[in-house]
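Novice: These protein sequences, in sequence, are chains A and B.
Numbering of the first sequence is given in this note's numbering, commencing with residue 2 and proceeding in unit increments.
Numbering of the second sequence is given in this note's numbering, commencing with residue 2 and proceeding in unit increments.
Accuracy of the hints is not assured; some may be wrong.
Because identical chains cannot be distinguished in the list, a pair is counted as satisfied if it fits within a single copy or across any two copies.
[Stated by the list, open to error] Derived DSSO-like pairs (lysine-lysine); straight-line CA-CA distance at most 27 Å: (1) Lys319 <-> Lys45; (2) Lys118 <-> Lys221; (3) Lys319 <-> Lys364; (4) Lys45 <-> Lys106; (5) Lys359 <-> Lys319; (6) Lys106 <-> Lys217.
None of these hints come from the bench; they were simulated from the model.
There are 2 protein chains.
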Amino acid sequence: MSRAYNFSAGPGTLPEPVLAALQEALLEFSTCRAGIMEISHRSKPFEGVLASAKARLSRVLGVPADYSVLFLQGGASLQFYQLALNLALPGEATDFIDTGTWASKALAEAKRVSDAKAVWSSKGTTYDRVPAPGAVQFRDEAVWAHYTTNNTIYGTQSKAPPVTDKRLLADMSSDIASRPIDVARHDLIYAGAQKNLGPSGVVAVILSPWAVERSKAVGKARGGLPSMLDYAVAVENDSMYNTPNTFGIFALEQVLAWVEGQGGLPAIAARVQARADRLYAQLDSSNFWQPHAQPDSRSSMNVTFRLQNSDLEGTFVKEADAAGLMELKGHRSVGGMRASLYNALPDEAVDALIDFMKAFEAKHG
Amino acid sequence: MSRAYNFSAGPGTLPEPVLAALQEALLEFSTCRAGIMEISHRSKPFEGVLASAKARLSRVLGVPADYSVLFLQGGASLQFYQLALNLALPGEATDFIDTGTWASKALAEAKRVSDAKAVWSSKGTTYDRVPAPGAVQFRDEAVWAHYTTNNTIYGTQSKAPPVTDKRLLADMSSDIASRPIDVARHDLIYAGAQKNLGPSGVVAVILSPWAVERSKAVGKARGGLPSMLDYAVAVENDSMYNTPNTFGIFALEQVLAWVEGQGGLPAIAARVQARADRLYAQLDSSNFWQPHAQPDSRSSMNVTFRLQNSDLEGTFVKEADAAGLMELKGHRSVGGMRASLYNALPDEAVDALIDFMKAFEAKHG
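Chain A on its own, in the form it takes in the complex (with noise of 0.2 Å):
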């Protein structure tokens, strides 16, 4: 067997150079005359990754310097509730732009904290778009607007901040570090790293000022939150009011030392629109392909589409994945075929896939 093109959702591709460097860290990292996963988080060594993976993650972004980096447990899913409990007081008004199951599910968990409200909603179309920038009425009293940045299952993508003056909390997870993006313009950005930012079981959570202000006084107006879901708390011990998962944050920090030498996310964005466009060009080249999302709202992370002929589907997966393309089968939610094509992901792969689509289609069609 060797390495197939792996187009997975998530926990997805990464890098071979990270791999090799994490193969490498297992027996002995650094002059620890241990391996990575079995230092104590407080010790100098391991100290020194949390340093540099949130200066990594903070030079790629481009964090302002005032802004707090965590790195926690939980996932985006965590998040969710998490988000609300430490930046709405109770029963304050915080608005959501419903764009798919991750933003339905974070709406639900601020539910439980707060009158959180769907103020836009694109589930009447199958989740086919997202709003255009200045199309969400938020209401007045909101704190706060919570938008999801791409959708991993439906394939579509905010290519812009929504246009208003509240302050804005994004899920990032499916397409943090594959753009440039306005950090300051939010007060809370999160992303479940096992997408572009290494393996699944750290959560990376960027806050403004304002946010961690908030988390203080929100606290104490709800009695004192849960230590460990308490963003004040966390900032204070650095992530490690216990102990963080260790051998993720490495990983993260070494995915991030990678994309700094791919020259960082200007290069990474122009890489991943390109071969982007090529994938959507040959799904728009005929009515063979039938892609999912509407062409203003496509994401350059994750391609959905399906067959006009859909009883192909099945095929098309199985034939693709004996060529070395793997985990094309798109969720259950959507069906057809999902290509998630995220930074690790080799250019080669994405025209394999396109060159495999032209030969399915001459076969086929």
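Position chain B against the provided structure of chain A, taking the given hints into account.
Specialist: Here is chain B on its own, set in the frame of chain A:
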């Protein structure tokens, strides 16, 4: 450089064959044509890993067939809150045995959502002891009792569960899988993986049928629990309500395979106890050594001691490190030295430590 004998209190040393297996799986796992970190948690191969991890933990510990085994995130520290949130009705009495830092933290989090009380504490003697099995008086109204089987920082260990008819909840983070336990006597057992089970970032949680039903009833009484903190949701979704720490679970599965290969808990326990006895015998051999824990409360996992001449402690730690005996510095709460003797530590490490101690005493005594 080469690997030293690693006495770290956690994350701690792991078996070398496990590390080798992890190295191999990073680039290509089984017939996946992708690394273990790069495959979907919903894929058949990862489902196999999860099922195997559960089966192995159940076999190794003797988990009754009607119990549930979960692998969650957030460590024991998140369990401190989660267990009380799920298993106590608002205001219900819950009893805690306070044997150290982690027990106190569990109590503090439980107080947020129940009438939690320490009914026994050894704080007054710097947590140098655990209660005799029948020594604790629980409140009649308490719905359950919580204890910590092993106290990493202070080096104490309960050799048996409290003698009581109360339901028992136990934090076994630092001695799980080091000796046979009566799982059926407990309604909840939890353990951060980073001592005897694998890397940090995974917590094993074992629930009785009562605990699962209680979680549902308490959830109803509390108007619903946050999905990520709801035991019933985790059980229903087989630890995969969201993406779990897939690499961590794989590592844990490999560690448990190693434990089974060693002959399981009877063999491990004999080895662990014999070498702890050797080390304690050395500590008892002269007043040069000042073991911290009372003799009947001594831990076989974490051996804490000071020197009669405390000025020599820094030298001891430094010279031991130079001799390839690393991470012997005690926790700041106790000072002195701590030798953590987790399962994966080779017996030769303990013998080397004892030899070093003899030479050190001969030189400085």
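Novice: The structure should be examined with respect to each hint, and the outcome stated for every one.
Specialist: Structure-based check of each hint:
Proximity of Lys319 to Lys45 under the C-alpha cut-off of 27 Å is restricted to the inter-copy arrangement: shortest distance 15 Å between copies versus 49 Å within a copy. In this assembly of identical chains, Lys118 and Lys221 lie within 27 Å of each other by CA distance both inside one copy and across copies; the values are 24 Å within and 23 Å between. For a Cα distance limit of 27 Å, the shortest separation of Lys319 from Lys364 inside one copy, 15 Å, qualifies, whereas the shortest one across copies, 71 Å, does not. For the homomeric pair Lys45 and Lys106, the shortest alpha-carbon distance between copies (25 Å) is at most 27 Å, but the shortest distance inside one copy (38 Å) is not.
Proximity of Lys359 and Lys319 under a CA criterion of 27 Å is satisfied intra-copy only: 16 Å inside one chain copy versus 66 Å between copies. Proximity of Lys106 and Lys217 under a CA criterion of 27 Å is satisfied in both settings, with 25 Å inside one chain copy and 20 Å between copies.
Of the numbered hints given earlier, the model fails none.
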